[in-house]
Amino acid sequence: KENKLEQLRREKEYKELKECTFVPLTNEGTPVRGNGPVIVRGLGRHLELKEMARRQEEEQKQREDKAFGKVTNRVDSRTEPYTIPKPFNLSTSHRRRKSRSKSRDQDFAKDLTFSPETLSRSRQRKILGILAK
73 KENKLEQLRR EKEYKELKEC TFVPLTNEGT PVRGNGPVIV RGLGRHLELK EMARRQEEEQ
133 KQREDKAFGK VTNRVDSRTE PYTIPKPFNL STSHRRRKSR SKSRDQDFAK DLTFSPETLS
193 RSRQRKILGI LAK
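What the sequence shown shows, in our numbering, is residues 73 to 205, in sequence order.
If you're looking for bench data, these hints aren't it; they were derived computationally from the structure. There may be inaccurate statements among the hints.
DEER-style ranges, computed between Cβ atoms [claimed, not checked]:
id, residue 1, residue 2, range
1, Ala125, Leu89, 52 to 58 Å
2, Phe180, Ile156, 55 to 61 Å
3, Tyr154, Asp177, 50 to 56 Å
4, Lys84, Leu115, 53 to 59 Å
5, Leu97, Glu120, 38 to 44 Å
6, Glu120, Glu100, 38 to 44 Å
7, Ala125, Thr102, 48 to 54 Å
8, Leu115, Glu83, 40 to 46 Å
9, Arg113, Lys133, 31 to 37 Å
10, Glu136, Ile156, 27 to 33 Å
11, Ile156, Ala125, 53 to 59 Å
12, Pro109, Arg81, 42 to 48 Å
13, Arg176, Asp137, 49 to 55 Å
14, Lys122, Arg81, 55 to 61 Å
Here are the simulated lysine-lysine pairs, DSS-like style, with alpha carbons at most 25 Å apart [claimed, not checked]:
id, residue 1, residue 2
15, Lys182, Lys170
16, Lys76, Lys90
17, Lys174, Lys158
18, Lys76, Lys87
19, Lys73, Lys84
20, Lys205, Lys182
Bear in mind that the values here come from a model prediction, so they are computed numbers and not experimental data. Glycine residues also receive a C-beta, built at the ideal position from the N, C-alpha and C atoms.
Can you make the complete structure from the sequences, with help from the hints?
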């Protein structure tokens, strides 16, 4: 049964292909290679552009190093890789500054003439009045 089905399929395929008239033209054998060098158009320009881009990148890196302080080709003057802390130089006139600030505050307080009337002030007056009696 399977053999019959397979044979029918082959016959059907043969009939379909029998009507086909297309025959492709193919080159037989291997392609012929030249003995000389292969010429690629635009290769010179491509290499020129690549070299130009490399030079621009290098110049950009040098500019960045110069602008952002990277040390190149120069001996660093510091011997230690870190900062050495030194003691603070504190002034001894702290008392004078404190007394000056107090006198300024007092002068400023004299200039303040506005005294707002708030609920807490009125309550405080009432309480003091009651306590005084």
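Any hints from earlier that this structure breaks? Give me their numbers in increasing order, please.
-> The structure conflicts with hints 2, 3, 7, 8, 11, 12, 17, 20, although it agrees with all the remaining ones.
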